[in-house]
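Participant: Sequence:
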Amino acid sequence: MALLLRRGAALAARSFRAAAAASSASTAVHRLPAAGSLAGVTELAPARLFLLDSRRGFAKGKKSKDDRGDTVQAAPDIGPTVKSAATAQMDAAVIALSRELSKLRTGRATPGMLDHIMVETADVKVALNRIAVVSVLDAHTLSVMPYDPSSVKSIEHAIISSPLGINPTPDGNRIIAAIPPLTKENIQALCKVVTKSAEDFKQSIRRARQKALDTIKKSASSMPKDDAKRLEKEIEELTKKFIKSADDMCKAKEKEISGS
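Under full-length UniProt numbering, the first residue of the sequence shown is numbered 1, with each subsequent residue one higher.
I should point out that these hints are in silico values taken from the structure, not numbers from a laboratory.
Ideal Cβ positions, reconstructed from N, Cα and C, are used throughout, including at glycine.
Be aware that one or more of the hints could be misleading.
DSS-like, lysine-lysine: derived pairs with alpha carbons at most 25 Å apart [to be verified]:
#1 Lys83 to Lys241
#2 Lys211 to Lys229
#3 Lys196 to Lys255
#4 Lys83 to Lys233
#5 Lys229 to Lys103
#6 Lys244 to Lys225
#7 Lys229 to Lys184
#8 Lys192 to Lys103
#9 Lys202 to Lys83
#10 Lys251 to Lys240
#11 Lys192 to Lys251
#12 Lys229 to Lys217
#13 Lys202 to Lys153
#14 Lys211 to Lys192
#15 Lys192 to Lys229
#16 Lys241 to Lys255
#17 Lys244 to Lys103
#18 Lys233 to Lys202
#19 Lys196 to Lys184
#20 Lys229 to Lys218
#21 Lys211 to Lys83
Computed spacing ranges between beta-carbons, pair by pair [to be verified]:
#22 Gln188 to Arg230: 56 to 64 Å
#23 Thr110 to Ser150: 23 to 31 Å
#24 Asp123 to Arg207: 34 to 42 Å
#25 Glu199 to Ser258: 12 to 20 Å
#26 Asp200 to Lys255: 15 to 23 Å
#27 Pro181 to Pro111: 44 to 52 Å
#28 Gly165 to Lys218: 44 to 52 Å
#29 Thr87 to Asp200: 16 to 24 Å
#30 Lys184 to Asp77: 17 to 25 Å
#31 Lys218 to Ala139: 25 to 33 Å
#32 Ser258 to Lys229: 39 to 47 Å
#33 Asp226 to Ser258: 41 to 49 Å
#34 Lys196 to Asp91: 19 to 27 Å
#35 Ile176 to Ser150: 14 to 22 Å
Please model the complete structure; the sequences and the hints are all you need to start from.
Facilitator: So, in structure tokens, the structure goes:
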């Protein structure tokens, strides 16, 4: 009996110690670190650093980022490229018009009026101004001096075959080309040709304008509305400038034809 009592007391003491140890461990898990202790600093530092970093971000006004965290870049300025391309195309149209008008004959002799004539030499066609020097003798006479005297016959034949209505005359190693006066019918026909040429090349200028406006329209979503409108206005002004240049050129040619 005494043995049983001792064993019961020992078992009770062992259970009491186990319960006390469990209670102590539970209290340790839920206990907060003491203020000023090294453990407290270690555990609270991440939270404090997060708050400080957030405050710094708001104070400095960082660049805006998209949902993926990438910095949003501003769209490039297409204005200079669009204007440069439109200017080049419109200028090319005006130059081509000038070249076309120079082919039209008037009653006044000009060196450029023979430039478009092609001369066949040795089975190769070459522009007359590449193989001869054309100069003005007087208001109604041209002199054509070939670099190679053997090409006189070929040049003479090419001038006769051209639609200019000129009948050249050989004069030693050169050719004399008398420019006949234009008739009333010739003048009217030439003025019609000038008008048609002007309209054709002005259409080229307008096509360059439309191409520029289409480019601006495609890029409108990536640029401010005010910038797009300003660029469109500049293209319109550029178009008016080149159209006026073509009109002035054609009026001068018509005056030259009519006054001859």
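Participant: All the hints need checking, so say for each whether the structure fits it.
Facilitator: Verification of the supplied hints:
The straight-line distance between the Cα atoms of Lys83 and Lys241 is roughly 13 Å, inside the 25 Å bound, and the hint therefore holds. Among the hinted pairs, Lys211 with Lys229 is consistent with the structure: their alpha-carbon atoms are about 16 Å apart, no more than 25 Å. The suggested pairing of Lys196 with Lys255 holds, with an alpha-carbon distance near 16 Å, which does not exceed 25 Å. Distance restraint check for Lys83 and Lys233: the Cα-Cα separation of roughly 11 Å lies within the 25 Å cut-off, and the hinted pair is therefore satisfied.
For the given pair, Lys229 sits about 41 Å from Lys103 by alpha-carbon distance, which is inconsistent with the 25 Å threshold. Of the pairs offered as hints, the one joining Lys244 and Lys225 is violated, with about 29 Å between alpha carbons and a cut-off of 25 Å exceeded. Distance check on the hinted pair: Lys229 and Lys184 sit about 49 Å apart at the alpha-carbon level, beyond 25 Å; violated. Between Lys192 and Lys103 the alpha-carbon distance is near 14 Å, which keeps this suggested pair within the 25 Å criterion.
With a C-alpha separation of about 18 Å, the suggested pairing of Lys202 with Lys83 holds against the 25 Å cut-off. A C-alpha spacing of about 16 Å is found between Lys251 and Lys240, which places the hinted pair at or below 25 Å, so the restraint holds. Of the pairs offered as hints, the one joining Lys192 and Lys251 holds, with about 12 Å between alpha carbons and a cut-off of 25 Å not exceeded. Our distance criterion of 25 Å between C-alpha atoms is met by Lys229 and Lys217, whose separation comes to about 10 Å.
Proposed proximity of Lys202 and Lys153 is contradicted: the alpha carbons are some 40 Å apart, above 25 Å. Under the criterion of a C-alpha separation no larger than 25 Å, the hint pairing Lys211 with Lys192 is inconsistent with the structure, at around 29 Å. At most 25 Å may separate the alpha-carbon atoms for a hinted pair to count; Lys192 and Lys229 exceed this at roughly 38 Å. Restraint check for Lys241 and Lys255: satisfied, since their Cα atoms lie roughly 21 Å apart, inside the 25 Å limit.
About 21 Å separates the Cα atoms of Lys244 and Lys103, which keeps this hinted pair within 25 Å; it holds. Note on Lys233 and Lys202: the hinted pairing holds, with a Cα-Cα distance of about 19 Å set against a maximum of 25 Å. Proximity of Lys196 to Lys184 is assessed by CA-CA distance (about 19 Å); at most 25 Å being required, the pair is judged to hold. Distance check on the hinted pair: Lys229 and Lys218 sit about 13 Å apart at the alpha-carbon level, within 25 Å; holds.
Of the supplied pair hints, the one linking Lys211 and Lys83 holds, its CA atoms being roughly 11 Å apart against a limit of 25 Å. Restraint check, Gln188 to Arg230: a C-beta distance of roughly 45 Å breaks the suggested window 56 to 64 Å. For Thr110 and Ser150, the Cβ-Cβ distance of about 27 Å falls inside the hinted range of 23 to 31 Å, so the restraint holds. Take Asp123 and Arg207: their Cβ atoms lie about 38 Å apart, and the range 34 to 42 Å holds.
A hinted range of 12 to 20 Å holds for the C-beta pair Glu199 and Ser258, which are about 19 Å apart. Checked against the hint of 15 to 23 Å, the C-beta distance between Asp200 and Lys255 comes to roughly 20 Å, which is consistent with it. Checked against the given bound of 44 to 52 Å, the beta carbons of Pro181 and Pro111, roughly 19 Å apart, lie outside it. At about 51 Å, the beta-carbon gap between Gly165 and Lys218 stays in the expected band of 44 to 52 Å.
At about 20 Å, the beta-carbon gap between Thr87 and Asp200 stays in the expected band of 16 to 24 Å. Evaluation of the 17 to 25 Å hint for Lys184 and Asp77 yields a failure: the beta carbon distance comes to about 56 Å. Distance hint check: the CB atoms of Lys218 and Ala139 are about 54 Å apart, inconsistent with the given range 25 to 33 Å. A C-beta distance of roughly 43 Å is found between Ser258 and Lys229, which places it inside the suggested range of 39 to 47 Å.
Under the hint 41 to 49 Å, the C-beta atoms of Asp226 and Ser258, about 48 Å apart, fit the expected range. For the pair Lys196 and Asp91, the beta carbons lie near 21 Å from each other, so the given range of 19 to 27 Å is met. A hinted range of 14 to 22 Å holds for the C-beta pair Ile176 and Ser150, which are about 18 Å apart.
Of the hints listed earlier, those the structure fails to meet are numbers 5, 6, 7, 13, 14, 15, 22, 27, 30 and 31, in rising order.
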